[in-house]
Every structure is written in C-alpha cells, then in structure tokens.
Amino acid sequence: MRCRESGFDKIPGGVSRRDFLKVCTATAVYMGLPASFGPKIAAAATTAKKRPPVIWLSGQECTGCTETLLRATHPTVEHLILDLIALDYSETLNTGAGHQAEEYRAKSIEENKGKFILVVEGSIPVKDGGIYCKVAGKPVLEILKETAPKAAAVVAIGSCAAWGGVPSAGPNPTGATPAYKILEGTGIPVINIPGCPPNGYNFLSTVLYYVTFKKLPELDEKLRPKFAYGRLLHENCERRPHFDAGRFAEQFGDEGHRMGYCLYKLGCKGPETFNNCSTLRFNDMGTWPVNTGHPCFGCSEEGVGFNIPLHTPAEVKNITPSAVQTPITVDHGGGGSTGAVALAAGVAGAAIGAGIVALKKIDQTEKKQD
Amino acid sequence: MKIKRRDFLKGAAGCGVLAAVGQPANAEAKKKERLPGALGFLYDSTLCIGCQACMVGCKKANEMPVESSDLLPIWENPRDLSAKTLNVIKKFESGTGTNKDQETDGFAFVKRQCMHCVDPGCVSACPVSAMRKNPDTGVVTYNKDACIGCRYCQIACPFNIPKFQWDSAFPQIVKCQLCSHLLPKGEIPACCSSCPTGATVFGPTSELMAEAQRRQQMEPGKYYDYPVSSLDSGKNFSQKAASYVPQIYGENEVGGTQVLMLAGVPFSKLGLPELPEKSYASTAETIQHTIYKGMIAPIVVLAGLYYFVNRSQKDKD
Numbered sequence: 000m001r002c003r004e005s006g007f008d009k010i011p012g013g014v015s016r017r018d019f020l021k022v023c024t025a026t027a028v029y030m031g032l033p034a035s036f037g038p039k040i041a042a043a044a045t046t047a048k049k050r051p052p053v054i055w056l057s058g059q060e061c062t063g064c065t066e067t068l069l070r071a072t073h074p075t076v077e078h079l080i081l082d083l084i085a086l087d088y089s090e091t092l093n094t095g096a097g098h099q100a101e102e103y104r105a106k107s108i109e110e111n112k113g114k115f116i117l118v119v120e121g122s123i124p125v126k127d128g129g130i131y132c133k134v135a136g137k138p139v140l141e142i143l144k145e146t147a148p149k150a151a152a153v154v155a156i157g158s159c160a161a162w163g164g165v166p167s168a169g170p171n172p173t174g175a176t177p178a179y180k181i182l183e184g185t186g187i188p189v190i191n192i193p194g195c196p197p198n199g200y201n202f203l204s205t206v207l208y209y210v211t212f213k214k215l216p217e218l219d220e221k222l223r224p225k226f227a228y229g230r231l232l233h234e235n236c237e238r239r240p241h242f243d244a245g246r247f248a249e250q251f252g253d254e255g256h257r258m259g260y261c262l263y264k265l266g267c268k269g270p271e272t273f274n275n276c277s278t279l280r281f282n283d284m285g286t287w288p289v290n291t292g293h294p295c296f297g298c299s300e301e302g303v304g305f306n307i308p309l310h311t312p313a314e315v316k317n318i319t320p321s322a323v324q325t326p327i328t329v330d331h332g333g334g335g336s337t338g339a340v341a342l343a344a345g346v347a348g349a350a351i352g353a354g355i356v357a358l359k360k361i362d363q364t365e366k367k368q369d
Numbered sequence: 000m001k002i003k004r005r006d007f008l009k010g011a012a013g014c015g016v017l018a019a020v021g022q023p024a025n026a027e028a029k030k031k032e033r034l035p036g037a038l039g040f041l042y043d044s045t046l047c048i049g050c051q052a053c054m055v056g057c058k059k060a061n062e063m064p065v066e067s068s069d070l071l072p073i074w075e076n077p078r079d080l081s082a083k084t085l086n087v088i089k090k091f092e093s094g095t096g097t098n099k100d101q102e103t104d105g106f107a108f109v110k111r112q113c114m115h116c117v118d119p120g121c122v123s124a125c126p127v128s129a130m131r132k133n134p135d136t137g138v139v140t141y142n143k144d145a146c147i148g149c150r151y152c153q154i155a156c157p158f159n160i161p162k163f164q165w166d167s168a169f170p171q172i173v174k175c176q177l178c179s180h181l182l183p184k185g186e187i188p189a190c191c192s193s194c195p196t197g198a199t200v201f202g203p204t205s206e207l208m209a210e211a212q213r214r215q216q217m218e219p220g221k222y223y224d225y226p227v228s229s230l231d232s233g234k235n236f237s238q239k240a241a242s243y244v245p246q247i248y249g250e251n252e253v254g255g256t257q258v259l260m261l262a263g264v265p266f267s268k269l270g271l272p273e274l275p276e277k278s279y280a281s282t283a284e285t286i287q288h289t290i291y292k293g294m295i296a297p298i299v300v301l302a303g304l305y306y307f308v309n310r311s312q313k314d315k316d
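Sequences listed follow chains A and B, in order.
Each residue of the first sequence is one higher than the last, beginning at 0 in numbering that gives the first Met the number 0.
Each residue of the second sequence is one higher than the last, beginning at 0 in numbering that gives the first Met the number 0.
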C-alpha cells in the first residue's frame, strides 16, 4: 500500500520494492527514528531529481571500511549504495582508472559544488608536506584541502579518518592526522564514523539522514552521530549479566570462557568504548567480536584502540553496582597492626606508671602536712 | 591552697546529694508526636529484588563519588554506609539461602539509610544545631557550615547512620537527607523514584503507616496492588503478598521514625537493632533539662563548691 502511495517507480534495478523499503526502514530504526520514517527516507532517496553525489577519498587506509560497506547484504546494499547515492569517485570501486577517473572526479566536483558529500577514508599524513600518501602525484592533504570547501559535508569513515587510527599509533612516522583536525576552523561540517571498520549501517544511516532531512544528525563532542555512538558497548552487551555477577573468563578456552562469561579480564574494552556493536552487530548475521569469544579492543575509541595493549583491563566508565549485595554485618578494618597495638600498650603502661608515681607523691605531701 | 582528700570527697558527695534533691519529678520531656506534615518512605523488604537501582539513583541525585571495595575496582559496591554512600542494600542469608523472605534456608534484603526519627538523637546531641529537624516535613538535615566536627551525632544515633569524612581535610558529616534538594522542586527522593518494584515508596508518614497496616492485613499468596515510587504516583504493581512479620519497624522504635519498614524475616536478622519505645533523646534531655531547670541546681552546686573551697582556705590560714 505504502509502496504504491509513495510511487517508487524509480527503484534501482535488481532490488525489489519490498527489499528497498526494508533497508530504508531499518536505517530509520538504527537512527532511533520511528519506523514510519522508512517510507520518508525511501521517498527522499528516490524522488530527488538527482541522487546525492558522493566523492570518496582514500588516505592512509586498508580499504576495510569500503569492504565492510560492500559486505552489507540487507539486502544487497552494494546496489543501494551505488544507486541510492551517486558514487562519482571511489578509488576502490571506480570503473575507470588513471586520468579518466581523475577527470571525472574534477568534473563531478565542479558540477555539484556545495551539494556533494565528501567521504574521507583513512588518515591524512601531514609530515614533510604530506608526501607519504599521494594520489595521481598529488598529496592527499592537498586533495582534501581543495575538495572539502566545495562539499556540503565531510564524513570521516573509519578510525583512521576520525581520530588517526592505526597510522597515528606511536611513533606516528607519517604525521597521520584525522580529517577534522585538518579542516578545523574552516567551518566545514565534519561527521566522524569511527571503527575499524565501522558498521556499514552507521555510515549509511548518517548519509540517508542527511539526504532526508538536509541537516546533520545530532553529534557528540567527538563529532560522532549520537544515534550510533551515544552508549557504551558494555551497557547493552549480552555478557553484561556475567560482569555484574562477577563471573569472568580468566583465560582463553577455560571453563568460564566456554560458559560465555564476561571477557573483562581478558582485556575487553567494552566498558570504555562508545559504539553500538553490541546492538547492531556486523555482517547481517548478528556477529561481533564479543559473541565470538574475543574481547572488544576499542577500535573505534580514540586513545583506546591501537593505543592500549589488547589484554590490558579497561578503565570502567559509568560504574554500577555488582549483582552481589553486601552482607548484613560487615567487619570494619582488620583490627590494629602489631606495631600499633604495641605502641598503644606502651603509652597506656606509661600513663599507668605516671599515675601511680603521682598518687604516691600526693600521699607523701599529705603525710607531711598532717 | 591544698584540699584534703577527705574534704574533696565530702564536697563531691554533697554536690551529688544536692543535685539529686534538686530533681523535680514532673520535668520529664513530653513524648514527641509525628509532625502532621511528616514525610518519609516505606521500605518493604518482601518487594525488594536487590537490584540496587536505589543506590545508583541516590549517588546520582546527591553527586556522591563511586565507592569500590573489591580488589577489582570495577563495581560500585560499598560494604556499608560510609562518607561516600548514603544508602545501601544489604542481604541476609541463612543456610542454603534459596527462599526469599524466609528465616531458615532463605534470604532477604534490607535498605539502610537515615530513618528520620520523630525525636532524633543526633539533633538532640548536636551542640551547634548543625543537625536539624525540619519543622514542616520532619526531615533531619545537616548544615555543614554550622558543624564543628564533634561527631556527637554519630554516637547519639541508635541506627549508626551519620558518617564522618575521615579522609578529608575539611570533613563533614554525611547522611541521607531524604533528597531535601529535590522536594521543593516537586520531585521525590531518588531511591523512591528509581525503585522499579515499589519496594521503596515515598509519601506522608501518616499515609505510609496506613499502607503498612494494609499490607499487614494482606493474605499471603494473594495478589494485591502495590504503589510504585510514591503513594500518589498512580502507578501500581500487582504482586503476590508475602507473609510479613507482625511488626512495622519504625512505628515505635526510639519514639518512632518517619521511615517505616516491613519485612518477611525478623528485623533483628536484617541488622536492625531492637530499640525501646522511648527515645534516647528524650531520656537524655529529661536529665539535662532537669539539672539546669531554673539554674537552681547549678547555683546550689556552685555555692557548695564555694563553701568547701572557702573552708579549706580558712584551714590553711
């Protein structure tokens, strides 16, 4: 019914109307919007005169972010990402190559000035004039600085682009810098979607939000969309009851590990990582590191992933009570230490002695007076 | 000037006699009644599931620091009330500890915080009126600016509630003040608003007493409606009535408290002391007020002392 009303006659080939609406509704739900926004998003995506153009720049990266987006099959999102948005330039997915691709990028940027979304994947090296990462003989640093002012918004996908990620780990030989730092002070809106890789739907939801409402979603102080990065992993983790009850896997493969106990002691960074992996999960099959038995290593959290050793216990944020209550009577302190008792006994002894001496003296003086 | 031992003892005995003689029989302080606007809450141990949401709510509302007592400091788990914890849920366990609200082979929860006594010992003992009982709501509050740090309130409290910041350079007394900062805003204490089962419900003490009496009359095993958060919240929670011990803790203990408690196991098992009906404050005040009534006794004692000192002075001369 809704499909007919909305009149999706321009739905891209290879995707059924039902599947298309499903994806749009799913993205609405991920963003915390009512499911009724699904058709609205679908309408925005299809009825726009021109699909929103996207230029996808790559810096120092592993292409994992692109890959994870392509692996989303909810259903066949690669069709949607290619047809829903006009991906005019992406080094991984370009059909053309070399000068042809570069020319097309320049053409698209000129044509869609102020309208296209610029996606940055990977960190930008700034040391020695940014010579450590070049595309078509030009440092990515320059490409970004040229392109960003013409974009409607910049989406920094992945931890590398959002806060530096792997390339920025000490000693950071290339001076790897996140996109928002390079664009600081220019007034160009930047949205960070950190993760290594981030969930493809977090990216898709952000882009569709922008396409639908023509504004950025609500961001936190680290420029991350709040709908995805507003809560700690720990708060919605399926192993959380074990944490509260004090049941931990002590090492890989032990009894606790096989029982599905909490992975905190194995170094899980869930208690300090803000992300939605524990609810959204990956690969459209409900998987994420923790349910495979591996602790979260905080890939999306600045200063945690690639910075704190994998098996170092996390610093727990939002500390809550354990599921175990304190008993009715509690021993306070452990009694005096031997030294303290000896000292107290000595002082008491001295006081008694002094008292006896004083009494004797009083007695003597009285006798004298009498 | 020297006082002979014998004379000194004589004088001391004389003073004692004078003080005893000077005690009028009718000076006993009147038993304090609950204020008409007394506020408090009813804690029903049988409804408590031990989730500790009230502890979290309390910490948030009062901006109290996290207190972790384990080797692994990852939980907020105070062992007892402390300078960092105004409210704590404790667990009674016996035998196998499998049956809720059962004395043998069972377990039960108890919530500990200030009971907001009708006649509070801490208020009576405080020499500088840092501890006060609100004349309207009866809530016992603490004023850090008046406090001199004598900690008499700690000794005077029969429930061992006021805690002292031993590790602070400018220490304060810490105790539950029934979220006095929230009440004027029309909000209710955080422990009540955060309780999911209605085990802690806020309301005027008179109505809480009626509610407690209603629960005492319930037939164990039957389903009844229990109010959640506060008596007038309109939210109800249907629950099977437990078999309560026939006592409303706080009805008469030390002259009554504004916080009332119900439980399925004897209160002594839950660490709540068995207390006389007469408040310690009224006993202490009777003695104090009698001694100083009209300043007669002190004047007589002073006169006696003066006499003996004077006489021994003459002896020496």
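Just so you know, not all the hints are guaranteed correct.
Claimed, not checked - Computed footprint of chain A on chain B, listed as stretches where at least three residues anywhere in the stretch have a Cβ under 8 Å from a Cβ of chain A:
| # | segment |
| --- | --- |
| 1 | 49-56 |
| 2 | 82-90 |
| 3 | 263-274 |
To be verified - Computed beta-carbon distance windows for the label pairs:
| # | chain 1 | residue 1 | chain 2 | residue 2 | range |
| --- | --- | --- | --- | --- | --- |
| 4 | B | Glu273 | A | Pro312 | 26 to 36 Å |
| 5 | A | Asn317 | B | Pro275 | 50 to 60 Å |
| 6 | B | Ile154 | A | His293 | 46 to 56 Å |
| 7 | A | Glu249 | B | Asp231 | 43 to 53 Å |
| 8 | B | Glu62 | A | Tyr103 | 27 to 37 Å |
Hints were generated in silico from the structure; no laboratory data involved.
What you are looking at is a predicted structure, and each value in this text was computed from that prediction instead of being measured.
Using N, Cα and C, we set each Cβ at its ideal position, and we do this for glycine too.
Distance restraint hint 46 to 56 Å, applied to the beta-carbon atoms of B/Ile154 and A/His293: 55 Å, holds
Outcome for the supplied range 43 to 53 Å, where the beta carbon pair is A/Glu249 and B/Asp231: Since A/Glu249 and B/Asp231 have Cβ atoms about 50 Å apart, the given range 43 to 53 Å holds.
Chain A over the segment 263-274 of chain B, status - at least 3 residues with CB closer than 8 Å: holds (count 3)
Distance restraint hint 26 to 36 Å, applied to the beta-carbon atoms of B/Glu273 and A/Pro312: The hinted range 26 to 36 Å is violated for B/Glu273 and A/Pro312, with Cβ atoms some 45 Å apart.
Whether chain A covers the segment 49-56 of chain B (at least 3 residues having a Cβ closer than 8 Å to its Cβ atoms): Per the Cβ count (4), the hint holds.
Within 8 Å of chain A (C-beta), three or more residues of the segment 82-90 of chain B: Coverage by chain A holds here, the residue count being 4 at a Cβ distance below 8 Å.
Verdict for B/Glu62, A/Tyr103 (Cβ pair) under range 27 to 37 Å: 58 Å, violated
Range hint compliance [Cβ, A/Asn317 to B/Pro275, 50 to 60 Å]: This hint is violated: roughly 44 Å between Cβ atoms.
The structure does not agree with the numbered hints 4, 5, 8 stated previously, though it agrees with the rest.
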